[in-house]
Amino acid sequence: MVSTPLDPNRAESVFADFKGEYTTEQATLEASRCLYCSDAPCVKACPTHIDIPQFIRKIATGNLKGSARTIFDANILGMSCARVCPVETLCVGDCVYNLLHVPPIQIGKLQRYATDHAYAEGWRFFEAGVDTGKTVALLGAGPASLACAHELRRRGHGCTVYEKRPVVGGLNSTGVAPYKMKADRAADEVDWVLGIGGIDVVTGVNVGEQVSFKELEARHDAVFLGMGLGPDTRLRVPGEDLPGVRGAVDFIEEMKLTPMSLAGVKHAVVIGGGNTALDAVREARGLGVGHVVMLYRGDEAAMSGYAHEWAAAKVEGVRAEWRAVAIGFEAGADGRVSGVLCQRLDERRHPIAGETFTMSAELVLVAIGQSKLAGLVQSLGGIEVHHGRVVTDERGATGRKGYFAGGDCRNGGKEVVNAAAEGKAAAQAIHAYLTGGL
Amino acid sequence: MPDLSSNTGGIRSPNPFWLASAPPANSGGQVQRAFDAGWGGAVWKTLGQPIQNVSSRFGAHSVAGAKAIGFNNIELITDRSLETNFREIYDTKKKYPKNAVIVSLMVETREEWRDIIKRSVDTGADGLELNFGCPHGMCERGMGSAVGQEPKVNQEITSWAVEYSSIPVLVKLTPNVSDILPHGLAAKRGGAHGVSLINTIKSIISVDIDRMVPNPRVDGMSTNGGYCGQAVKPIAMHMVAALARDERFRLPISGIGGISNWRDAVEFILLGSSSVQVCTEVMLRGFRVVEDMIEGLEEYMRTHGFANLDAMIGRAIPKYSEWGNLDLNYETVAKIDPALCIGCNKCMIACEDGAHQCIHPAPAGSRVPVVDEAECVGCNLCQIVCPVEGCIDMAQVDNGFTPASWNQFVEEGRVLRPKKGAH
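Going down the list, the protein sequences come from chains V and Y.
Take any residue in the first sequence, count from 1 to its spot, add 11: that is its number in my numbering.
Take any residue in the second sequence, count from 1 to its spot, add 13: that is its number in my numbering.
Honestly, the hints are just simulated from the structure, not real lab data.
Just so it is clear, CB atoms sit at the ideal spot from N, CA and C, and this is done for glycine as well.
Check before you lean on any hint, since a few could be wrong.
Claimed, not checked - Keeping only pairs whose Cα atoms sit at most 25 angstroms apart, straight-line, the calculated BS3-like set for lysine-lysine is: (1) Lys225(V) with Lys55(V); (2) Lys131(Y) with Lys120(V); (3) Lys76(V) with Lys80(Y); (4) Lys111(Y) with Lys165(Y); (5) Lys348(Y) with Lys246(Y); (6) Lys55(V) with Lys145(V).
As the list claims (entries may be wrong) - Computed beta-carbon distance windows for the label pairs: (7) Ser219(Y) with Gly447(V): 51 to 57 angstroms; (8) Ala364(V) with Pro400(Y): 43 to 49 angstroms; (9) Ser219(Y) with Phe29(V): 36 to 42 angstroms; (10) Gly328(V) with Met14(Y): 28 to 34 angstroms; (11) Ala352(Y) with Gly328(V): 40 to 46 angstroms; (12) Thr446(V) with Ala352(Y): 23 to 29 angstroms; (13) Gly233(Y) with Gly77(V): 27 to 33 angstroms; (14) Asp202(V) with Val220(Y): 37 to 43 angstroms; (15) Trp134(V) with Ala352(Y): 42 to 48 angstroms; (16) Leu273(V) with Pro351(Y): 53 to 59 angstroms; (17) Val220(Y) with Gly447(V): 49 to 55 angstroms.
Unchecked claim - Which residues of chain V face chain Y? A partial, calculated answer using Cβ under 7 angstroms: (18) Leu40; (19) Ser43; (20) Leu46; (21) Ser49; (22) Asp50; (23) Leu111.
Based on the sequences and whatever the hints tell you, model everything.
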């Protein structure tokens, strides 16, 4: 166990799974429905290209060990991806049954069934390769670094993961909506991945502060940048520093790791229209806030958050204010936030003169994006940063020799499965670099 | 309104749906409830010498989540007393005079046959069915399929039964033979009024792979059982048709084997059955399944203009021939409807790996595979694996060749079209 023991009373523990787990009968029936397509569209839709028809067939036949092996061989984070992937827009969305107007195969739930079984049985499929004597530093202990480190270990390279938080697992531990996966399950995955051995995890260490890149380069043969994104972006409007106004990512992390009371909160406003905003509105509802409103500058069609998540949020009682922005926050007698002053926008997102309104809010969550951490590496010669993202070739190599990148710091903030795919691809590139030069 | 009434060798019933001699027809209570549900007749669970059954009697063959598409049992004949059975048969017939009650029998000696037939006839039953089919347990004692597999014994015992019985006698045949015809003809020579087939097929339903013991397990042991249920239907239909199409046979047939709905029943009737018997479907789902069977058959007869069953019985038999009479110049090719295709590529992989390598991957930008019609042999495999109804059509090709069967090729020197897919 490298993970810090989690508080059993942390706020996220009140959530139940949005998609329940399958019994054996349910899994077998669903797996038996799979058409076992050749050159299947679901496989193409998966960033890690799991052989989905094959793992599903193995569930149908009762070959669960083989099923889990198929999944993990393609994606070592298959357990968390089964829970957190937006399958509606990936594999399940491309299931050919959709074209028949027949319910598509529940690939995520089947993958959860197989991978949970492997965890419960303690099955392990991969061994570390013969020690090459080379070591790699990995920045950040999130999905990208974990996937990268595991793949490097299969090839015999030593790994040290540097993580600034006390908690490992990255957003899987601190950011995933708890009705998809809770932090303890993310910790299980970290332990399971580290079980291959030879991956050192150093927590509480900020690269660039406690340890310099120069030191890393002296200690290791290659560096993988998998540090994700930085803190929530600020709105920069008056009143933003009032107690009760906070960044959504920061709020979610607190909810996932510590106890939290929203007893005084009757109204919550979440600002933004992306997937973090959608997580935040559903989480605020789930934590018992009666009135939850999503405030978004565009309309429903323009929202970058997934339609299926918004549909679920609506069912849970969340409302939206479209085409409006927060222009200030009001304080109550207690000095905490009590309302959001809003400005209505026209179709071109220009303020409509005179159309302002106020919404009550004892909690305001700002979900308009996260800052990029690329500044951290910008000073290193050769590394190109574009719109805050570390630029690499398609396999993850940066312009600086021996430096590779993957996950949110490279892609600007995508899914766990993208981080897993990029981490694995980068490991293959690192292996090529360490064994033969690029 | 089509007339569903059925006559099988003089045994009349309001419709052709009978319970087969099996657990659902084990008692008066069951048979009477079945008649209330709409069943036209019932062949009572076989009467004979006292027996004792084992615990753990049934096993199932389940496929891809579909439970019990095949079924087997190692149960023997009735384990209730003859007195009880005869009393209940009498009561049932009294209460349900229009429904057919057939008594299934299995004993050994001529005296035993004489006695049990007399007592059966005295119940007022409509007919007898001689159980020459049971392939487990009873055959080890020289009865059941042990009789059905020996035409001489079959003929002899049948002739005894016909001699002693004043009501029609059906002989129930076993499928555990290489050719059904000699056995049907033996029953005919013995004087039977009709036959019923098939009885169950000798089987091992499954093996418990952890205990390494076949199922169903009786303590740590097992034995072969009788296989039935939907999975046996194709075998049963062949045997029914093999008798129905033979000029020498020409006896009424009560068809049995995997009949689970009206469509199955229609198929058996078109292949020559005057009535159909059902067991497994009732065991799995209850007597109520007959409602759909009756409705479906009625609607089918209406749609096809059949006023009564006689107009329909054996209608597919003239179309059942030897392979040597099939037209080798008849040509079909697969046509994939791009508007319906969902791009699963099941046809492509099936043809590539399992057939004649003439369906190729879609060109870039499409997911609709391409059929190489010049090589397509028209085997139907792609159509079979396609999940979309109507997406793959096996379209006839006018190739300009006049029909030519193998026999015509050999005997008359007719011209055959060039082979396809023989690359």
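Going down the list of hints, with the structure as the test:
no. : hint                                         : result
1   : Lys225(V) with Lys55(V)                      : 40 angstroms, violated
2   : Lys131(Y) with Lys120(V)                     : 64 angstroms, violated
3   : Lys76(V) with Lys80(Y)                       : 24 angstroms, holds
4   : Lys111(Y) with Lys165(Y)                     : 36 angstroms, violated
5   : Lys348(Y) with Lys246(Y)                     : 30 angstroms, violated
6   : Lys55(V) with Lys145(V)                      : 34 angstroms, violated
7   : Ser219(Y) with Gly447(V): 51 to 57 angstroms : 53 angstroms, holds
8   : Ala364(V) with Pro400(Y): 43 to 49 angstroms : 58 angstroms, violated
9   : Ser219(Y) with Phe29(V): 36 to 42 angstroms  : 38 angstroms, holds
10  : Gly328(V) with Met14(Y): 28 to 34 angstroms  : 57 angstroms, violated
11  : Ala352(Y) with Gly328(V): 40 to 46 angstroms : 42 angstroms, holds
12  : Thr446(V) with Ala352(Y): 23 to 29 angstroms : 51 angstroms, violated
13  : Gly233(Y) with Gly77(V): 27 to 33 angstroms  : 30 angstroms, holds
14  : Asp202(V) with Val220(Y): 37 to 43 angstroms : 39 angstroms, holds
15  : Trp134(V) with Ala352(Y): 42 to 48 angstroms : 45 angstroms, holds
16  : Leu273(V) with Pro351(Y): 53 to 59 angstroms : 55 angstroms, holds
17  : Val220(Y) with Gly447(V): 49 to 55 angstroms : 52 angstroms, holds
18  : Leu40                                        : 4 angstroms, holds
19  : Ser43                                        : 4 angstroms, holds
20  : Leu46                                        : 5 angstroms, holds
21  : Ser49                                        : 4 angstroms, holds
22  : Asp50                                        : 5 angstroms, holds
23  : Leu111                                       : 6 angstroms, holds
Consistency note: the structure conflicts with the earlier hints numbered 1, 2, 4, 5, 6, 8, 10 and 12.
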